[in-house]
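Our numbering puts the first residue of the sequence shown at 1, with every later residue one more than the last.
Don't read these hints as lab results, they were simulated from the structure. One should not assume that every hint holds.
In silico SDA-like links for lysine to any residue, alpha-carbon gap of 25 angstroms or less [claimed, not checked]: (1) K44 x E117; (2) K44 x G201; (3) K63 x L34; (4) K63 x T94; (5) K44 x L115; (6) K44 x V99; (7) K63 x G74; (8) K63 x P42; (9) K44 x A161; (10) K44 x R31; (11) K44 x D98; (12) K63 x T96; (13) K44 x P223; (14) K63 x L112; (15) K63 x Y142; (16) K63 x N120; (17) K44 x A204.
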Amino acid sequence: MRRQAQAVLAAAIVAILAASTIATASESGPRQTLESGFRLDPWKREVVAGGPNWDNCWQLPDKPQFVIDYESGGYALSFGTLGYGLDTTLQVTTPTGDVLCDNDSGGDQDALITLGEPTNGRYEVRVGTFWPEDVGDIAEAYVTERIDAGPAKPTPPHQWALEAGFRQDPRHAEVVVGGPIQGGCGHLPDEPSLVFDYEGGNHALSVGTIGFRLDTTLMVTTPEGEVLCDDDGGD
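Please model the complete structure; the sequences and the hints are all you need to start from.
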(Lines of atoms letter the chains of each structure in order from A and count residues from 1; the text may use other names and numbers.)
(Lines give C-alpha, C1' and ligand atoms only; values in the text may rest on other atoms or scores of the structure.)
Protein backbone atom coordinates (compact mmCIF):
# COMPACT_ATOMS: atom_id res chain seq x y z
CA MET A 1 0.00 0.00 0.00
CA ARG A 2 1.35 3.40 -0.96
CA ARG A 3 0.86 6.12 1.59
CA GLN A 4 1.93 9.71 2.01
CA ALA A 5 3.67 11.27 4.97
CA GLN A 6 4.69 14.85 5.62
CA ALA A 7 7.66 15.99 7.64
CA VAL A 8 7.91 19.51 9.07
CA LEU A 9 11.53 19.93 10.03
CA ALA A 10 13.63 22.25 12.10
CA ALA A 11 16.89 20.78 10.84
CA ALA A 12 19.73 21.17 8.39
CA ILE A 13 19.42 17.66 6.92
CA VAL A 14 16.71 15.01 7.09
CA ALA A 15 17.54 11.34 6.66
CA ILE A 16 15.07 8.59 5.86
CA LEU A 17 16.24 5.11 6.76
CA ALA A 18 14.70 1.86 5.57
CA ALA A 19 15.66 -1.56 4.34
CA SER A 20 13.76 -4.47 2.83
CA THR A 21 13.47 -6.55 -0.29
CA ILE A 22 13.32 -4.86 -3.71
CA ALA A 23 9.85 -4.71 -5.23
CA THR A 24 9.27 -7.08 -8.14
CA ALA A 25 8.89 -5.37 -11.52
CA SER A 26 6.63 -6.47 -14.35
CA GLU A 27 8.08 -7.59 -17.70
CA SER A 28 7.96 -4.05 -19.09
CA GLY A 29 9.09 -2.45 -15.83
CA PRO A 30 7.03 -0.73 -13.12
CA ARG A 31 4.10 1.37 -14.33
CA GLN A 32 3.17 4.75 -12.95
CA THR A 33 0.09 6.80 -13.81
CA LEU A 34 0.61 10.57 -13.84
CA GLU A 35 -1.97 13.25 -14.60
CA SER A 36 -1.00 16.75 -15.69
CA GLY A 37 -0.37 18.86 -12.60
CA PHE A 38 0.78 15.87 -10.52
CA ARG A 39 1.85 17.03 -7.09
CA LEU A 40 4.86 14.77 -6.60
CA ASP A 41 6.95 16.68 -9.16
CA PRO A 42 9.59 15.64 -10.05
CA TRP A 43 8.60 12.00 -9.88
CA LYS A 44 11.79 9.93 -9.45
CA ARG A 45 12.87 6.30 -9.64
CA GLU A 46 16.20 4.58 -9.11
CA VAL A 47 17.22 2.35 -12.02
CA VAL A 48 20.02 0.00 -12.99
CA ALA A 49 21.49 1.87 -15.96
CA GLY A 50 22.52 0.37 -19.26
CA GLY A 51 22.25 -3.05 -20.81
CA PRO A 52 23.46 -5.35 -23.58
CA ASN A 53 21.91 -3.50 -26.53
CA TRP A 54 24.13 -0.99 -28.33
CA ASP A 55 22.67 1.46 -30.87
CA ASN A 56 22.58 5.21 -31.50
CA CYS A 57 21.43 5.66 -27.89
CA TRP A 58 24.44 3.68 -26.66
CA GLN A 59 24.15 0.86 -24.07
CA LEU A 60 20.46 0.19 -23.41
CA PRO A 61 18.57 -2.49 -21.48
CA ASP A 62 16.40 -5.07 -23.22
CA LYS A 63 13.20 -3.68 -21.70
CA PRO A 64 12.03 -0.34 -20.28
CA GLN A 65 13.00 0.26 -16.66
CA PHE A 66 9.58 1.86 -16.17
CA VAL A 67 6.47 2.95 -18.03
CA ILE A 68 4.54 6.20 -17.52
CA ASP A 69 0.83 6.36 -18.33
CA TYR A 70 0.33 10.11 -18.77
CA GLU A 71 -2.76 12.28 -19.06
CA SER A 72 -1.68 15.58 -20.59
CA GLY A 73 -2.80 19.09 -19.67
CA GLY A 74 -1.26 22.55 -19.95
CA TYR A 75 2.38 21.70 -19.25
CA ALA A 76 5.40 20.42 -21.12
CA LEU A 77 6.57 16.96 -20.06
CA SER A 78 10.24 16.17 -19.46
CA PHE A 79 12.13 12.95 -18.86
CA GLY A 80 15.63 13.15 -17.42
CA THR A 81 18.45 11.27 -15.73
CA LEU A 82 20.70 11.96 -12.75
CA GLY A 83 23.86 9.90 -13.01
CA TYR A 84 25.89 11.61 -10.24
CA GLY A 85 29.05 11.34 -12.34
CA LEU A 86 27.82 8.42 -14.44
CA ASP A 87 27.52 9.29 -18.16
CA THR A 88 23.87 8.35 -18.75
CA THR A 89 21.76 8.19 -21.89
CA LEU A 90 17.99 8.19 -22.24
CA GLN A 91 15.54 6.66 -24.68
CA VAL A 92 11.80 7.44 -24.54
CA THR A 93 9.22 5.73 -26.73
CA THR A 94 6.12 7.94 -27.00
CA PRO A 95 2.48 6.81 -27.27
CA THR A 96 2.65 7.49 -31.03
CA GLY A 97 5.66 5.18 -31.44
CA ASP A 98 8.33 7.86 -31.83
CA VAL A 99 11.67 6.78 -30.33
CA LEU A 100 13.56 9.72 -28.81
CA CYS A 101 17.17 9.60 -27.64
CA ASP A 102 19.42 11.97 -25.69
CA ASN A 103 22.84 11.91 -24.12
CA ASP A 104 23.97 15.13 -22.43
CA SER A 105 21.17 17.72 -22.76
CA GLY A 106 20.65 17.71 -18.98
CA GLY A 107 24.23 18.84 -18.34
CA ASP A 108 26.89 17.09 -16.23
CA GLN A 109 26.61 13.98 -18.44
CA ASP A 110 22.88 13.72 -17.67
CA ALA A 111 20.20 13.23 -20.32
CA LEU A 112 17.03 15.27 -20.82
CA ILE A 113 14.10 14.99 -23.24
CA THR A 114 11.32 17.61 -23.16
CA LEU A 115 8.02 17.33 -25.03
CA GLY A 116 6.33 20.70 -25.51
CA GLU A 117 2.93 19.21 -26.36
CA PRO A 118 2.85 15.72 -24.84
CA THR A 119 0.08 13.35 -25.88
CA ASN A 120 -1.96 11.11 -23.64
CA GLY A 121 -0.82 7.54 -23.29
CA ARG A 122 2.07 5.21 -22.56
CA TYR A 123 5.71 6.36 -22.41
CA GLU A 124 8.38 3.67 -22.20
CA VAL A 125 11.63 4.81 -20.58
CA ARG A 126 15.07 3.22 -20.90
CA VAL A 127 18.11 4.64 -19.12
CA GLY A 128 21.39 3.66 -20.74
CA THR A 129 25.09 4.33 -20.32
CA PHE A 130 27.55 5.92 -22.71
CA TRP A 131 30.38 3.60 -21.69
CA PRO A 132 29.99 -0.21 -21.70
CA GLU A 133 31.96 -0.54 -18.46
CA ASP A 134 29.31 1.54 -16.64
CA VAL A 135 26.49 -0.92 -17.40
CA GLY A 136 24.86 -2.05 -14.16
CA ASP A 137 25.59 1.11 -12.16
CA ILE A 138 22.77 2.88 -10.33
CA ALA A 139 21.25 6.13 -11.61
CA GLU A 140 18.05 8.08 -11.09
CA ALA A 141 15.41 8.85 -13.69
CA TYR A 142 12.80 11.54 -13.24
CA VAL A 143 9.64 12.90 -14.86
CA THR A 144 8.70 16.57 -14.45
CA GLU A 145 6.43 19.29 -15.79
CA ARG A 146 8.67 22.08 -14.46
CA ILE A 147 10.91 22.50 -17.51
CA ASP A 148 9.67 24.86 -20.25
CA ALA A 149 6.16 24.66 -18.82
CA GLY A 150 3.41 27.05 -19.83
CA PRO A 151 1.87 28.41 -16.62
CA ALA A 152 4.38 28.09 -13.80
CA LYS A 153 3.74 25.41 -11.23
CA PRO A 154 4.30 26.39 -7.58
CA THR A 155 7.66 25.43 -6.12
CA PRO A 156 7.15 22.33 -3.97
CA PRO A 157 8.92 21.13 -0.86
CA HIS A 158 11.25 18.19 -1.31
CA GLN A 159 9.03 15.38 -2.65
CA TRP A 160 9.96 11.73 -3.05
CA ALA A 161 8.36 8.45 -4.02
CA LEU A 162 10.00 5.62 -2.09
CA GLU A 163 9.47 1.88 -2.04
CA ALA A 164 10.69 -0.44 0.70
CA GLY A 165 14.22 -1.46 -0.22
CA PHE A 166 15.15 1.80 -1.94
CA ARG A 167 18.87 1.77 -2.75
CA GLN A 168 19.95 5.29 -1.82
CA ASP A 169 19.48 4.66 1.91
CA PRO A 170 19.62 6.84 3.92
CA ARG A 171 17.99 9.48 1.69
CA HIS A 172 19.03 13.05 2.54
CA ALA A 173 17.64 16.51 1.81
CA GLU A 174 18.93 19.86 3.02
CA VAL A 175 16.23 22.13 4.47
CA VAL A 176 15.91 25.59 5.99
CA VAL A 177 15.38 25.17 9.71
CA GLY A 178 12.55 26.42 11.89
CA GLY A 179 9.78 28.89 11.22
CA PRO A 180 7.17 31.23 12.71
CA ILE A 181 4.93 28.57 14.27
CA GLN A 182 5.72 27.90 17.94
CA GLY A 183 4.25 25.01 19.91
CA GLY A 184 5.04 21.75 21.62
CA CYS A 185 7.48 20.83 18.83
CA GLY A 186 9.52 24.03 18.98
CA HIS A 187 9.65 26.55 16.13
CA LEU A 188 8.27 25.09 12.89
CA PRO A 189 7.75 26.35 9.31
CA ASP A 190 4.32 27.05 7.82
CA GLU A 191 4.60 24.26 5.23
CA PRO A 192 6.18 20.79 5.28
CA SER A 193 9.87 20.73 4.41
CA LEU A 194 9.48 17.26 2.91
CA VAL A 195 6.60 15.17 1.56
CA PHE A 196 7.11 11.55 0.56
CA ASP A 197 4.95 8.72 -0.72
CA TYR A 198 6.07 5.42 0.76
CA GLU A 199 5.20 1.88 -0.24
CA GLY A 200 6.02 -0.19 2.81
CA GLY A 201 7.45 -3.65 3.35
CA ASN A 202 8.33 -5.61 6.48
CA HIS A 203 10.86 -3.17 7.90
CA ALA A 204 10.72 -0.10 10.11
CA LEU A 205 10.89 3.38 8.59
CA SER A 206 12.70 6.20 10.37
CA VAL A 207 12.74 9.93 9.74
CA GLY A 208 15.49 11.88 11.46
CA THR A 209 17.51 15.08 11.53
CA ILE A 210 21.21 15.91 11.62
CA GLY A 211 21.72 19.41 12.96
CA PHE A 212 25.52 19.52 13.29
CA ARG A 213 25.32 20.97 16.83
CA LEU A 214 22.05 22.76 16.03
CA ASP A 215 19.27 21.72 18.46
CA THR A 216 16.70 20.47 15.96
CA THR A 217 13.12 19.31 16.34
CA LEU A 218 11.02 17.13 14.05
CA MET A 219 7.29 16.80 13.37
CA VAL A 220 5.91 14.06 11.11
CA THR A 221 2.27 13.76 10.02
CA THR A 222 1.51 10.14 9.11
CA PRO A 223 -0.91 8.93 6.38
CA GLU A 224 -3.49 8.32 9.13
CA GLY A 225 -3.24 11.96 10.24
CA GLU A 226 -1.31 11.22 13.43
CA VAL A 227 1.10 14.02 14.34
CA LEU A 228 4.41 12.85 15.83
CA CYS A 229 6.97 15.14 17.45
CA ASP A 230 10.52 14.63 18.68
CA ASP A 231 13.36 16.74 19.97
CA ASP A 232 16.35 14.66 21.03
CA GLY A 233 15.38 11.07 20.13
CA GLY A 234 18.31 10.86 17.73
CA ASP A 235 20.76 12.04 20.44
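Does the structure keep K63 and L34 at a Cα separation of 25 angstroms or less? Holds, because 21 angstroms separates the two Cα atoms, which is no more than 25 angstroms.
Does K63 pair with T94 here, judged by a C-alpha cut-off of 25 angstroms? Within the cut-off at roughly 15 angstroms; holds.
Going straight from one Cα to the other, do K44 and D98 come out at no more than 25 angstroms? Given pair K44, D98 holds - Cα atoms ~23 angstroms apart, limit 25 angstroms.
Are the Cα atoms of K44 and A161 separated by 25 angstroms or less? The given pair, whose Cα atoms are some 7 angstroms apart, holds under the 25 angstroms limit.
Are the Cα atoms of K63 and L112 separated by 25 angstroms or less? At roughly 19 angstroms apart (the allowed maximum being 25 angstroms), L112 and K63 satisfy the hint.
Measure nothing beyond the straight line between the CA atoms of K63 and G74; if it is 25 angstroms or shorter, mark the hint as holding. violated, 30 angstroms
With a cut-off of 25 angstroms on the C-alpha distance, tell me whether K44 and A204 pass. Since the Cα atoms of K44 and A204 sit roughly 22 angstroms apart, the hinted pair holds (cutoff 25 angstroms).
K44 and R31 were given as a pair; does the straight-line alpha-carbon distance stay at or below 25 angstroms? Judged against 25 angstroms, a Cα distance of about 13 angstroms means the pair holds.
Take the C-alpha atoms of K63 and T96, compute the straight-line distance between them, and say whether it is at most 25 angstroms. Distance of about 18 angstroms is within 25 angstroms: holds.
Compare the distance between the alpha carbons of K44 and E117 with 25 angstroms, and conclude whether the hinted pair is satisfied. Holds, at about 21 angstroms.
Pairwise hint evaluation, V99 against K44, where the allowed Cα distance is 25 angstroms at most: Holds, because 21 angstroms separates the two Cα atoms, which is no more than 25 angstroms.
Has the given pair, K44 with G201, been kept, meaning a C-alpha gap of at most 25 angstroms? Given that 25 angstroms is the threshold and the Cα spacing comes to 19 angstroms, the pair holds.
Taken one by one, the earlier hints fail for this structure only at number 7.
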